[in-house]
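Whenever a hint applies, use it, and build me the whole structure from the sequences.
Protein chains: 2
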Amino acid sequence: MAEERAVQEYGEETLVKEIPPKAADLSKWYTAACWKAELFDYTPVRGSIALRPYGYALWENLQRQLDDRFKATGHMNAYFPLFIPESLLMREADHVEGFAPEVAWVTQGGSEKLTERLAVRPTSEVIIGVMYARWVKSYRDLPVLINCWNNVVRWEKATRPFLRTMEFLWQEGHTAHASHEESAAEVARMLEVYREVAEDVCALPVVTGEKSASERFAGALHTHSIEALMPDGKALQAATSHDLGQNFARAYGIEFVDKDQQTKHAWTTSWGLSWRMLGGLIMMHGDDRGLRLPPVLAPYQVVIVPIPKKGSEEAIAALARQVRERLAKAGVRVRLDDRDEHKPGWKFSEWELRGVPLRLEIGARDVESGRVTAVRRDLGKGEDGAKTELAVAQLELGVHALLDAIQQGLHAQARAFLDAHRFDVSSREEFFDLLRRQVGFVRIPFCDDPACEAEIKSETSATTRNQVPLAQGEALTCVACGGPAQTLAYFARSY
Amino acid sequence: MAEERAVQEYGEETLVKEIPPKAADLSKWYTAACWKAELFDYTPVRGSIALRPYGYALWENLQRQLDDRFKATGHMNAYFPLFIPESLLMREADHVEGFAPEVAWVTQGGSEKLTERLAVRPTSEVIIGVMYARWVKSYRDLPVLINCWNNVVRWEKATRPFLRTMEFLWQEGHTAHASHEESAAEVARMLEVYREVAEDVCALPVVTGEKSASERFAGALHTHSIEALMPDGKALQAATSHDLGQNFARAYGIEFVDKDQQTKHAWTTSWGLSWRMLGGLIMMHGDDRGLRLPPVLAPYQVVIVPIPKKGSEEAIAALARQVRERLAKAGVRVRLDDRDEHKPGWKFSEWELRGVPLRLEIGARDVESGRVTAVRRDLGKGEDGAKTELAVAQLELGVHALLDAIQQGLHAQARAFLDAHRFDVSSREEFFDLLRRQVGFVRIPFCDDPACEAEIKSETSATTRNQVPLAQGEALTCVACGGPAQTLAYFARSY
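First to last, the protein sequences are chains A and B.
Using our numbering, the first residue of the first sequence is number 1, and each one after it goes up by one.
Using our numbering, the first residue of the second sequence is number 1, and each one after it goes up by one.
Among the hints, erroneous ones may be present.
Identical copies look the same in the list; a pair holds intra-copy or inter-copy alike.
Result set (DMTMM-like, lysine to aspartate or glutamate): computed pairs, CA atoms no more than 20 Å apart in a straight line [unchecked claim]:
hint, residue 1, residue 2
1, Lys71, Glu60
2, Lys347, Glu313
3, Lys381, Asp260
4, Lys22, Glu459
5, Lys113, Glu86
Rather than coming from a laboratory, the hints here were simulated on the basis of the structure.
The following block contains the structure:
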């Protein structure tokens, strides 16, 4: 019923009744899995989704993991205005060219027609540049290390939950430094934070490197990214870290008097990660039964399902409550599903769909034996170790060990997939063939020439994802055009 | 210099050079104290402030206190779209009448002129109503208990940091229930959460009660509020909790099949608290030296200032670092100000201005005696107990005890002020006289007649802040008009 309304009212997606097999249609599987797990819902606002409580809890956990790392690296949070006057946006030429086509414009306030349009922020370099120009006077004011958690809007026609929405939630870091050496170090430091969060928190292996000129952030000197590989062989850009050089400092007047009494422009950076990361980890880890969430992020790490038996109801319920309380006290996010209106089998499916990493089943036999049955979500039914028994006496230790194992298990599976779908090739034919077949990351020695890059894209729909410089003294030729290679570059189609 | 730029570029405030005495000009004192403490800055966006890192840290601490209580009362967070199509906004007549004059409108997206204008949310009852209509089908889906942390926009000409800004940060809770009894209980529960956070977290005593019809939220059946009293005798509405009855459920179609198989409209509530609360606590607690922050909220609860002495630099620095580490380990938010470029006296003033509750001074004598000097921000210079010595051996205990005492000290001072500026009067002359003199809260038995209320407002500029019903069987007459009294009502001018 709700499924049909979703279609009738907003018509953005085909009917979501059952989750189709993942291998059959990744795109439909993805949308259906996200929707049925109640991560999001469509709204009457084109391109905008509602992030439902279960989805928001996932985002909150990711936020906390990132925020702790931002603070540990010396950053503080702040907040800047949602609206940016048009004249300000215009000051950095590359930036406005890149973003103007995507901007939503406020032209009226109350009954007043505005004399100057206000852009709804697509990103905040501009307004933050203006403010940093006010705050930075001396080298003693540097570095400025600020992060913002906010919402941004980029006008989009298509909607794909988390991966492509008109409005999205993200964080954007903005820093200013006294030298290029320091700002470049910041760019690298935050890229490493993203890499670590992708791998250790999201269980999502990534490749890191620098974007080509054509894929660079509008107004940046250098853009670095982390890129994950999705099951269909397409890359997902999961976060970016930008070296803005002195471009924004010049456009917005961020100047300081250095130790040598000279007035200089600051060197700035920006770096961002959005709820797109959630889309990536869902698409990568999920299976035909639904989501598989990494324990570090899962809203509920453990669900307890009592298996009722006539005459033992009270003993089972008492043990279930005891298990819940002990796990909660041990810092585990635990949910006891003691609803009467559903059978255990229904609950198993429900929590598998929602990706809870570990299920504890408690029945009459368990009460007697002092054990509970533990079922891992990262392993398939019947797979070795998927179902184990935990001694109640050793409950906390056992659950923590299993959650660690599941976190690592998901990462290992995704790592194995990435390794199996990453190719180093040395012939042009093989290169184009692999790209056309969308097999994953294909890496070549690359000339980094925009013309060569454009040809590859028009032939294969694949783009450079990111690249690293060749080792000094290494003389290789570009596999695509035969010219002198500058970098080792990953190519793939992308989301 | 920065002060002058603030004025030249944005012209929103008079020159902020020094903080004027609080008693001389509360309004100027307030703005100057907030600005010099680096809580906020003006921006080139009319009516919008930037929340600087120190201000945001204060907001984050308040968020955490609220969020923990929301979760403890069964709520989860979610996120809904920033934009609301005009046609949706129009469905609840009272609501649109109340909010339309304050709405910022998006009329263009990229190069596309929109066929329907999008409101930038002034509040989210509308879009959330539409979504709840999709999610609620059966009594089993109720209650829906959701909170949102987001930004909203209400078109304003004036700017007063935190108290009146076009865009502001807040939380808005939205719940749906099967009966009016349950929704009314929710309204009361969340009002009590706000009261507790005001008193125990912000050290801000408040009066609680229901708003009159003319002060009610647009579209609500009942609005309840907490109201604090500012040093100039004006009230500050610090949070509201609304009983929306079935108004929004009818307008947006939130229906469910109840246990009795009847289809019914849900009963909804909403409740909100914004960064305005920060403005209230700053205005109430601050003094001529600047902010005085309650320890529960302060970004830094303790600042350590070493007092250098030739020959003892290393011993002093080592003790300062030891104190910092021990306090951080004990969960205290601590900052060691070991900057070389400033003298201790400068640092004292700086951290007093920024409201740090407790200063620890560490000099050569302290190193020898195994004690540190502790200076409380809640007490005046030279006041009994303002300066004490703490044994380093008992550091953590001593600091925790002092922070508790400061939290209670600020609350007691504010409570004494409120008690001294709250009047129960029984003569019309005295009532009007006290209101005209803006002495604080003036409480009377009140008829709750909008005509009487309008007369009081036009004569005195004071409005009903909130009110409680008379005790059953109590027969009193309205002090203002002599008609039969319905309530005991607080009147005051307000922010």
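Results of checking the hints against the structure:
1. Lys71 with Glu60: Close inside one copy (16 Å) and across copies (13 Å); limit 20 Å.
2. Lys347 with Glu313: within (17 Å within a copy, 65 Å between copies)
3. Lys381 with Asp260: neither (68 Å within a copy, 41 Å between copies)
4. Lys22 with Glu459: Answer is neither: 28 Å inside a copy and 71 Å across each miss the 20 Å cutoff.
5. Lys113 with Glu86: Both. Shortest intra-copy (15 Å) and inter-copy (17 Å) distances satisfy the 20 Å Cα cut-off.
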